[in-house]
Amino acid sequence: MAYVIGVDIGTQSTKALLVDLEGKIVAQHASAYHPDTPKPLWAEQWPSVWLDAVKATIKACAEKALAKGVSKADIKAVCISSLYGGSGIPVDKEMCPLYPCLIWMDRRATQEVEWVERNIDTKRLKQITGNGIDSYYGYTKMLWLKNNQPDVWNKTRYFLPPNAYIIHELTGELAVDHSSAGNIGGVYDIEQRKWSEEALTMLGIPQTMMPSRLVDSSAVVGGLLPERAAELGLEDNTPIIAGGVDAAVATFAAGVTRAGHHVAMIGTSMCWGYINQTVDASHGLISMPHVYNSQQDIYIFGGAITAGASVTWYREQFCHAETEAAKATSHGDPHRLLEEAAAKIAAGSDGVAFLPYLMGERSPVWDAKASGTFVGLSLYHTRATLYRAVLEGVAFALKHNMEAGRRGAQSLDDKLIVVGGAAHSDLWMQIIADVTGYPVWSIEEEVEAAMGAALLAALGTNLITRETAEGGWVTLVERAKPDAERQKLYAERFGVYVDLYPALKPIMHRLQAS
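Position one of the sequence shown corresponds to residue 4 (the working numbering), numbered consecutively onward.
A few of these clues could be false.
[Unchecked claim] Calculated pairs, EDC-like style, for lysine to aspartate or glutamate (alpha carbon to alpha carbon, straight line, at most 20 Å): (1) K508 with E117; (2) K62 with E234; (3) K149 with E117; (4) K402 with E495; (5) K126 with D192; (6) K197 with E325; (7) K75 with E120; (8) K129 with D239; (9) K62 with E230; (10) K418 with D370; (11) K126 with E200; (12) K27 with E473; (13) K129 with D300; (14) K402 with E447; (15) K62 with E238; (16) K491 with E473; (17) K27 with D39; (18) K126 with E238; (19) K491 with D370; (20) K491 with D353; (21) K27 with E448; (22) K58 with E238; (23) K149 with E201; (24) K491 with D417; (25) K402 with E488; (26) K158 with D95; (27) K402 with E448; (28) K42 with D370; (29) K129 with E200; (30) K149 with E120; (31) K67 with E238; (32) K484 with D429; (33) K58 with D192; (34) K79 with E172; (35) K347 with E325.
[What the hints assert, rightly or not] Pairwise CB distance ranges, derived in the manner of DEER restraints: (36) N122 with G498: 30 to 40 Å; (37) H37 with V378: 28 to 38 Å; (38) Q299 with N122: 50 to 60 Å; (39) T468 with P209: 37 to 47 Å; (40) E66 with E473: 45 to 55 Å.
Simulated from the structure, these hints should not be mistaken for lab results. Where a beta carbon is used, it is the ideal one built from N, C-alpha and C, also for glycine.
Working from the sequences, and respecting the hints, build out all of it.
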């Protein structure tokens, strides 16, 4: 019998799972870590952390599978999905990392954004790339390295997305998948599906820093090196599949393969996306080739930088009592206690609104100087009130992106699929249904990008048909239907949410400057 391994390198952990050709999980393993945040609005990671985690999780899956009678010869392929790597990893000619990867969450390149807006034909740049101008994008982070780390810049041979770097370490082969290339922003021609010599020249980034081999996400990049195979417990020359950006791979796992499908991935960040064949950067969303049908389909998405991260921040800073109390329960999860209390608070959080801009904000706000805000506090409010307000704030951020995306979408299906950690919360699923007006569905198997990577591994080695790939390996279950009364209330509160940012923007910027 044949099996494949899917790996997802996330912001805070790497997950791997081994499945059969019907998607049944035989083994899985995760390895946790945290990105480095040495300064406000900085977020970076040394690639050795990711490499160690990938090796540990693959090895653990192989060992667990072996204990269940799966031989290493039965494991036919591995695919690597990864977080959006921002700048990418600057490596020298020996492929050694020179500096941490400035990941998607990093917002330090504000001066570079201002330089691009002053000196570059931004209308043309948006036309070429289908993307905008912001410190979120990898090309502005590359320019930050050029301006602030000249020694690194002068030694840099390539900028590599996390999955491309890891695959090179496993196979010795170098390639970048189209989704990762497109997500960099200002250096990729979205129509021609190649690096844009025109855009790179405008920006002053040598095209030689972009690896020449661009591949589909289901392509075999190379075979596993013998020394790596020995480390991981796999066969020499096991095919390693290119993979792609985790949001798109998770979307693929949920069966999103045609126009109209749309999915919200809510983990550390939030990405809501849909499939289209054309893109208009003026709508303020992000675009890249999809990981399925990448030569034809475009994955267009928007999202909040700190979605689940807002929930984690609130719990860690203000909910020590619940954390301690949870230790005495069988589940040990403070979120359950917080959710039970927040469920007793009426929709609208008794007049409290939360802007989840704890690391600036992405679409459709696009402001690195935006900041998180609670508005409407009084002595009446409790920790449970504010916890619910955080959940509602992220749901409003989701709707804000959906409203922007609706202007460019050919069509949107009448249900919203939600994947990621937020799907563990029944309360949050109901809030999202009431705020967006869509019935909310989630994946029963509780795996997303790693399962999508496994599906790409099987597709890329012709172990399954395209028909099977389009159907996916997961089971969708309905979680919540919108309630008419709460939907009406949230429509009014969404108007407040949308008005808050422009009203507070001057004050946010003054605080950032002080």
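Status of the hints after comparison with the structure:
1. K508 with E117: Satisfied, since the Cα-Cα distance of roughly 17 Å is no more than 20 Å.
2. K62 with E234: holds (7 Å)
3. K149 with E117: Cα-Cα ~15 Å, so holds.
4. K402 with E495: Distance of about 13 Å is within 20 Å: holds.
5. K126 with D192: holds (14 Å)
6. K197 with E325: violated (51 Å)
7. K75 with E120: violated (53 Å)
8. K129 with D239: violated (44 Å)
9. K62 with E230: holds (13 Å)
10. K418 with D370: violated (30 Å)
11. K126 with E200: holds (16 Å)
12. K27 with E473: At roughly 17 Å apart (the allowed maximum being 20 Å), E473 and K27 satisfy the hint.
13. K129 with D300: holds (18 Å)
14. K402 with E447: violated (24 Å)
15. K62 with E238: holds (12 Å)
16. K491 with E473: violated (36 Å)
17. K27 with D39: violated (35 Å)
18. K126 with E238: At roughly 50 Å apart (the allowed maximum being 20 Å), E238 and K126 break the hint.
19. K491 with D370: Since the Cα atoms of K491 and D370 sit roughly 29 Å apart, the hinted pair is violated (cutoff 20 Å).
20. K491 with D353: Answer holds: K491 to D353 is near 15 Å, not above 20 Å.
21. K27 with E448: holds (9 Å)
22. K58 with E238: Answer holds: K58 to E238 is near 14 Å, not above 20 Å.
23. K149 with E201: Distance ~19 Å between K149 and E201 Cα, so the pair holds.
24. K491 with D417: Holds. K491 to D417 sits at ~18 Å (cutoff 20 Å).
25. K402 with E488: Roughly 18 Å separates the two Cα atoms, so the pair holds.
26. K158 with D95: holds (6 Å)
27. K402 with E448: violated (26 Å)
28. K42 with D370: holds (18 Å)
29. K129 with E200: holds (14 Å)
30. K149 with E120: holds (17 Å)
31. K67 with E238: holds (16 Å)
32. K484 with D429: holds (11 Å)
33. K58 with D192: At roughly 33 Å apart (the allowed maximum being 20 Å), D192 and K58 break the hint.
34. K79 with E172: holds (19 Å)
35. K347 with E325: holds (16 Å)
36. N122 with G498: 30 to 40 Å: The hint (30 to 40 Å, Cβ to Cβ) holds, given that N122 and G498 are roughly 38 Å apart.
37. H37 with V378: 28 to 38 Å: holds (30 Å)
38. Q299 with N122: 50 to 60 Å: For Q299 and N122 the Cβ distance comes to about 34 Å; the hint is violated.
39. T468 with P209: 37 to 47 Å: At 42 Å between Cβs, range holds.
40. E66 with E473: 45 to 55 Å: violated (33 Å)
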